[in-house]
Amino acid sequence: MNKVLLGRYLPGSSFIHRLDPRSKLVLSFYFIIVIFLANNWSTYLFMLFVVAGCILLAQIKLGFFWKGVQPLIWLILFTVLLQILFSRGGTIFWQWGPFSLTQTGIVSGIYVFFRFVLIIFMSTLLTLTTPPLEIAGALESLLKPLKKIHFPVYEVSLMLSIALRFVPTLIDEAAKIMNAQRSRGVNFDSGSLRQRLNAVVPLLIPLFVSAFNRAEDLATAMEARGYHGGEGRTKYRINQWHLRDTVSVVFFLLVTIVMILLRTW
Amino acid sequence: MSNDIINVNNLNFKYSQQGDWLFKDFNFKIERHEWVAVIGHNGSGKSTLARLIDGLLQPQSGSIMVDQQTMSAENVWEIRKKIGMVFQNPENQFVGANVAEDVAFGLENQAVPYKLMHQRVKTALQRVNMWRFAEQEPVNLSGGQKQRVALAGVIALQPEIIILDEATSMLDPEGRRDVIQLIHDLKVQHNFTIISITHDIDEAALADRVIVLDDGKIIESAPPAQVFLHGKELSHLGLAVPFSEKVKAALVKRRITVPVQYYTEQRMVDWICQSISNK
Numbered sequence: 001m002n003k004v005l006l007g008r009y010l011p012g013s014s015f016i017h018r019l020d021p022r023s024k025l026v027l028s029f030y031f032i033i034v035i036f037l038a039n040n041w042s043t044y045l046f047m048l049f050v051v052a053g054c055i056l057l058a059q060i061k062l063g064f065f066w067k068g069v070q071p072l073i074w075l076i077l078f079t080v081l082l083q084i085l086f087s088r089g090g091t092i093f094w095q096w097g098p099f100s101l102t103q104t105g106i107v108s109g110i111y112v113f114f115r116f117v118l119i120i121f122m123s124t125l126l127t128l129t130t131p132p133l134e135i136a137g138a139l140e141s142l143l144k145p146l147k148k149i150h151f152p153v154y155e156v157s158l159m160l161s162i163a164l165r166f167v168p169t170l171i172d173e174a175a176k177i178m179n180a181q182r183s184r185g186v187n188f189d190s191g192s193l194r195q196r197l198n199a200v201v202p203l204l205i206p207l208f209v210s211a212f213n214r215a216e217d218l219a220t221a222m223e224a225r226g227y228h229g230g231e232g233r234t235k236y237r238i239n240q241w242h243l244r245d246t247v248s249v250v251f252f253l254l255v256t257i258v259m260i261l262l263r264t265w
Numbered sequence: 001m002s003n004d005i006i007n008v009n010n011l012n013f014k015y016s017q018q019g020d021w022l023f024k025d026f027n028f029k030i031e032r033h034e035w036v037a038v039i040g041h042n043g044s045g046k047s048t049l050a051r052l053i054d055g056l057l058q059p060q061s062g063s064i065m066v067d068q069q070t071m072s073a074e075n076v077w078e079i080r081k082k083i084g085m086v087f088q089n090p091e092n093q094f095v096g097a098n099v100a101e102d103v104a105f106g107l108e109n110q111a112v113p114y115k116l117m118h119q120r121v122k123t124a125l126q127r128v129n130m131w132r133f134a135e136q137e138p139v140n141l142s143g144g145q146k147q148r149v150a151l152a153g154v155i156a157l158q159p160e161i162i163i164l165d166e167a168t169s170m171l172d173p174e175g176r177r178d179v180i181q182l183i184h185d186l187k188v189q190h191n192f193t194i195i196s197i198t199h200d201i202d203e204a205a206l207a208d209r210v211i212v213l214d215d216g217k218i219i220e221s222a223p224p225a226q227v228f229l230h231g232k233e234l235s236h237l238g239l240a241v242p243f244s245e246k247v248k249a250a251l252v253k254r255r256i257t258v259p260v261q262y263y264t265e266q267r268m269v270d271w272i273c274q275s276i277s278n279k
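Residue numbers (the UniProt record's numbering), protein chains in the order written: chain W, 1 to 265; chain S, 1 to 279.
Hints were generated in silico from the structure; no laboratory data involved.
Predicted, not measured: the structure shown is a model, and the values here were computed from it.
The reader is advised that the hints may include incorrect statements.
To be verified - Taking lysine-lysine and the DSS-like style, the derived pairs with C-alpha atoms no more than 27 Å apart in a straight line are:
1) S:K14 <-> S:K24
2) W:K144 <-> S:K24
3) S:K232 <-> S:K246
4) W:K148 <-> W:K67
5) S:K82 <-> S:K122
6) W:K147 <-> S:K115
7) S:K246 <-> S:K14
8) S:K82 <-> W:K235
9) S:K81 <-> W:K235
10) S:K122 <-> S:K81
11) S:K232 <-> S:K187
12) W:K235 <-> S:K14
13) S:K122 <-> W:K235
One chain only, chain W, in its complex shape:
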């Protein structure tokens, strides 16, 4: 359980690591939009090269990206299968009732597969090269314009960063409570569905109560250190926009132009 959440960020000093988290966040979202522009094999091939280039720049082993795809592999295969079996058009190779295997089906199946994998690779690249707290910080500064419509930007980002900071702590605690209840005879992993659901109660309630205690302690500690709302604070961490960020933005704009050209080609 720990590995999934904690082992994600890989410290490094590559070009991608040193990018401003704001530009990374925006560009990976932008990439997801751009990938929907792809509609033929040349556009997909081009995107594949773009992602491969980014991965090479980040100097991260491919194995980590495979781990990102792994949990979604069944969803991907299911969607691909749907595309293959239910698309019509082109040469028909095989047909049985509502199912058919056609040329268009196979091609769009492959497209869907690549679309999924590329999106996952790109978002994995974001989480592998950016510590969670920097993502939270980036989100805060990107949401700043929303302050005008009285959206509590500072409060939301404080909540996010405290939540992220307490995730590992609470996972540790859940594991501890689970073992403590196991040693008192609670069986978490056998029995009928109903029995298993009942077994979760002695885990959830202590966890819930301790979360309240933690919240109270934390609130007292924050108050004692002079926290009184988001107004009138300075910030320790300030993101800086470098030349490399401009370069990556320009690069992605070029990618978009090439994509649009390749679409009609």
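Starting from the known structure of chain W, fit chain S onto it as the hints suggest.
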């Protein structure tokens, strides 16, 4: 009079509307640059006292003066700037996502400018010997290291008073020794006023004055050497007795005459060596 940094007058406090008074007509004074250890059994009101001084709890009546200012709803934030608090649970008071941000949290609240903030965070972390952990997340730190970070957060704020609310009670002996040593060094260097609320007898032994609290009443207020003499009464109140006093008690049981006054461990060793060689 002007030498008192904290002055509590006729304080009355209870947690709920019904129920008993925890503090009744309570009076309490601390001199500037004094190190006071408050000891007492669970529920004797130690932590409540600390929270009252910091304005985290409001008394029903009576006044609390910190550094010549009477605490009120208007100046509570002003007064809090003069007080740094370290709490018991190292995990639950860690606000920042990593060490440097946690130390900076208090400075951010006081709107300290960017450059000065980075400088103060760095010196504070170097002071507690945690600068090389600056980018570490709390999961990767031990309890003692987290308490050192909490202390750095307090030092960075440069307060007048430091309140340690059982800051060492959840640590292993090694982490506890480290933290106590650090507090001692800080006291020597910066001459803070320190209030340490503790169960730990070694921590209390370093103080200038020990206050024994029992159900909201001060039953003794004297230098540690004098307080520790009443070994029996202390253990009746559910408190630990220093090791040298335990040795003395064991010697008395074996009909060996021991000195009346309190000895530190070192002096006790010297005394034993002396009395053996004199025989």
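Verification of the supplied hints:
1. S:K14 <-> S:K24: holds, 9 Å
2. W:K144 <-> S:K24: violated, 50 Å
3. S:K232 <-> S:K246: holds, 10 Å
4. W:K148 <-> W:K67: violated, 41 Å
5. S:K82 <-> S:K122: Holds, because 21 Å separates the two Cα atoms, which is no more than 27 Å.
6. W:K147 <-> S:K115: Judged against 27 Å, a Cα distance of about 26 Å means the pair holds.
7. S:K246 <-> S:K14: Violated - the C-alpha atoms of K14 (chain S) and K246 (chain S) are around 37 Å apart, more than 27 Å.
8. S:K82 <-> W:K235: holds, 21 Å
9. S:K81 <-> W:K235: holds, 18 Å
10. S:K122 <-> S:K81: holds, 20 Å
11. S:K232 <-> S:K187: Distance of about 31 Å is beyond 27 Å: violated.
12. W:K235 <-> S:K14: violated, 38 Å
13. S:K122 <-> W:K235: holds, 15 Å
Going down the numbered hints, you'll see the structure goes against 2, 4, 7, 11, 12, while the others check out.
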